[in-house]
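Starting from the known structure of chain X, fit chain V onto it as the hints suggest.
If you're matching them up, the sequences are chains X and V in order. FYI, in this note's numbering the residues of the first sequence are 944 to 1402. FYI, in this note's numbering the residues of the second sequence are 944 to 1402.
If you are wondering where the hints come from, they were derived from the structure by calculation, not from laboratory data. Check the hints yourself; a few may be wrong.
If chains are identical, the list can't say which one is meant, so a pair holds when it fits in one copy or spans any two.
[Stated by the list, open to error] Straight-line Cα separation of at most 20 Å, SDA-like style, residue types lysine to any residue; simulated pairs:
hint, residue 1, residue 2
1, LYS1260, SER1162
2, LYS1187, PRO1298
3, LYS1320, GLN1353
4, LYS1260, GLY1102
5, LYS1187, ASP1231
6, LYS1382, GLU965
7, LYS1260, GLU1148
2 protein chains.
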Amino acid sequence: MWYDTPMISSFLEPRQDQSFQELLELLRFPSVSTDPGHKNDLERCAAWVLARLEAAGLEARLFPTPGHPVVYAEKIVADTLPTVLVYGHYDVQPPDPVDLWRHAPFDPTVEGEYVVARGASDDKGQFFSLVLGIEAYLATRDTPGVNVKVLLEGEEEVGSPNLLPFVKKEKDRLACDVVVIADSSQFARDIPAITYGLKGLCYLELVVRAASRDLHSGSYGGGVPNAANALTRMMAACQGPFGKIAIPGFYDDVLELEPWEREAFAKLPFDDEKFRAELGLSELYGEDGYTTLERKWGRPTLDINGLHSGFTGEGAKTVLPCEARAKFSMRLVPNQDPETIGALVRAFLEEITPPGVTVEVLDHHGAKPVIVPRDGKPVQAAIKAYTTGFGREPVFVREGGSIPVVNTFQEELGAQSLLTGLGLPDDNLHAPNERFRVKDFHRGSVTMAAFLDELARIS
Amino acid sequence: MWYDTPMISSFLEPRQDQSFQELLELLRFPSVSTDPGHKNDLERCAAWVLARLEAAGLEARLFPTPGHPVVYAEKIVADTLPTVLVYGHYDVQPPDPVDLWRHAPFDPTVEGEYVVARGASDDKGQFFSLVLGIEAYLATRDTPGVNVKVLLEGEEEVGSPNLLPFVKKEKDRLACDVVVIADSSQFARDIPAITYGLKGLCYLELVVRAASRDLHSGSYGGGVPNAANALTRMMAACQGPFGKIAIPGFYDDVLELEPWEREAFAKLPFDDEKFRAELGLSELYGEDGYTTLERKWGRPTLDINGLHSGFTGEGAKTVLPCEARAKFSMRLVPNQDPETIGALVRAFLEEITPPGVTVEVLDHHGAKPVIVPRDGKPVQAAIKAYTTGFGREPVFVREGGSIPVVNTFQEELGAQSLLTGLGLPDDNLHAPNERFRVKDFHRGSVTMAAFLDELARIS
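Here chain X stands alone, though its shape is the one from the complex (with noise of 0.2 Å):
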């Protein structure tokens, strides 16, 4: 299945030695963002990463923010051809526990087929392996058949805090018709996955509030209601039997599996059995009717994550709590809205609130939920690329999270995000001896630059 274009053959295989050697050199710049120490290894970093796109035929440039810089550079051919637009990030986890890495984390080295460093996943080595592919694209095309436009911030780590912002300022510019991510993993070995689908998030605080103090409960128990008590009913009345929630209206709006997906989900080398016994539990339990697979990535939850209330020590006091907290999420499926879910839960609770108590909700974070055409363009084109470039179909995948950046691009530049990881589940991200597979590094360049050249091809 591997297409031999000079674009692969002539280009990019002849280099790949040479690629490596820069990846260990981007690798070396110790970019930890939540360390105001390293501030100067970012900016060098950047600048590094400025010129590297600049040699690889995009005009590039710094755009400073309250923190790290965004590094950004495009190619604009014309007009009236497809935009493409790959996000990643310079800036890497702090490499703590130091004493736990077999060799220096920002001294990057071979292991087997791994290379063993900082980053190397997350993800300096996979926007890399990217821009190695839009290099050989731009270099062997006369005229290129896209746009391409690269977005490296350097904050993903800390939370993006300036990439809303720089994005909803820079609107114009980003203009895209596709977002390319790559800063997860493949399904398993060899498995390349498109990420199609991520679930949605409301999330939220029930605070239930009886006396204006703690009371005894030899004295009072009995004679005033108990928060606590209060709080375990209503957050019980939310779920309902067999898994499934019991929010009035809460499914409304929830768009059911097509029965492609579930097959695709079927298809998956997944098992129950290892992932029950690999968590330690002495059952699985999700909703009646929906495998593991289709509960994690394609139906809503509502699960608490945090429960407060009263006397937490050691042993035994005889308290009434005047507050219970609990905080609780509900993770979204399309085309549930997180601010709609949130109102009928307010509204339920508030019609169950029990008597005696008062209720506050608080409201912490919401994302709607993405999922991205099958049949478009993007995704027919990334099929061909990564059978070009790992020599199969990639598989369909969901996740049960929520990425923060996808829902960025998609409202603030109205544009889908691929999200083709590179890396392997077992990369140590953010952990000790983070590693990417060399193999995956150079496969990831021929998809990306597949891809490009699929894309031109089918627009």
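Here is chain V on its own, set in the frame of chain X:
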């Protein structure tokens, strides 16, 4: 209603000034049991009390314990006579915060109707009032018609660690028909009360466990059980509608309130609206069909005392908690048994455990409920005695709490306790400026003398 007997008019009344001076002496000992630096003060105080009991006509001795000594005294007249045991404690709470006192805490000072000092009401003033009553009775009767025993411990304020072993060991010595305890308060100013019922307690902790570690709700939500979800459902299932408890069999052994009790409670000056407002509650809430006092004193409860699970800090964390805990306790009424109730709860929780989680139930502590028959001789004598001492019949009340020493006497000696508090609800117990009303100090002595006299007469 003040019946003039030599016991009162010739003995107690002429000695009032002297008795009060003696009370001041007793209050000057800084017998703070929790502070090892006061060990010597406790010993000096115990010696003073011992001498005073001897002077009152009793045979007294000290019993050392691993902590502070027990002072014991008795006047045995004849085996065939009823025996009264008076229980009290000569240790006091620490006076902290000392700078909130208007006078030095161990320099007793008269302020209007009150004497202000640490220990004035809790418990030196109260037990010494009874001792003076005993003295008057013994001094004015050629042949007393009751045996009297006095047990004063020095560790009540540190949880009486050595009282149970002492009572167990000295079971024969302490044998009695009734225990008189003056370590609480009147129902309200000038409304003396006999507390004839105490609730029992069954304090448990539910621990629900799911996976072997906390999980990310984005990666796992929906596919795995959530310990906090399960716990809220289980705790809610224990609660029925209308303030009832839904654990099967829970009410089987409940002694319903008798008509006379409901009438007596209804006559007490208790204002629901004032109670509600003082606690800052929007409304009162409890078991349907019962008044506030009936709920507090005569109906069993199930109250959650503490909840803890997952993330409880500021903000939001999308975690699926692997463990959730609820401390909860049931206040029991006669004839509920804490062990039986504990077994019912465990069986129910086991039955309703949702799939995928495991459950552990921890035992914290328990106490049996107590009720003293109103038609028994001690209660009948107490009614007469109060009428003598306070010029009115006492009201009959229960308590929602349990008092461990009452259970100790019930279980070890088979003796019922009469709780005949002389203090007032606003005596500032355990707080700065603790006080005791001087008038009640004297009325207590009269009441005690009359109680012994009346019990002897009707026995």
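Evaluated hints:
1. LYS1260 with SER1162: within (13 Å within a copy, 37 Å between copies)
2. LYS1187 with PRO1298: Classified as between; 14 Å across copies, 26 Å inside a copy.
3. LYS1320 with GLN1353: within (17 Å within a copy, 84 Å between copies)
4. LYS1260 with GLY1102: between (40 Å within a copy, 13 Å between copies)
5. LYS1187 with ASP1231: For LYS1187 and ASP1231, only the intra-copy Cα distance (8 Å) is at most 20 Å; the inter-copy one is 31 Å.
6. LYS1382 with GLU965: Within. Shortest intra-copy distance 15 Å satisfies the 20 Å Cα cut-off; inter-copy 94 Å does not.
7. LYS1260 with GLU1148: Cα proximity of LYS1260 and GLU1148: across copies only (11 Å, versus 25 Å in one copy).
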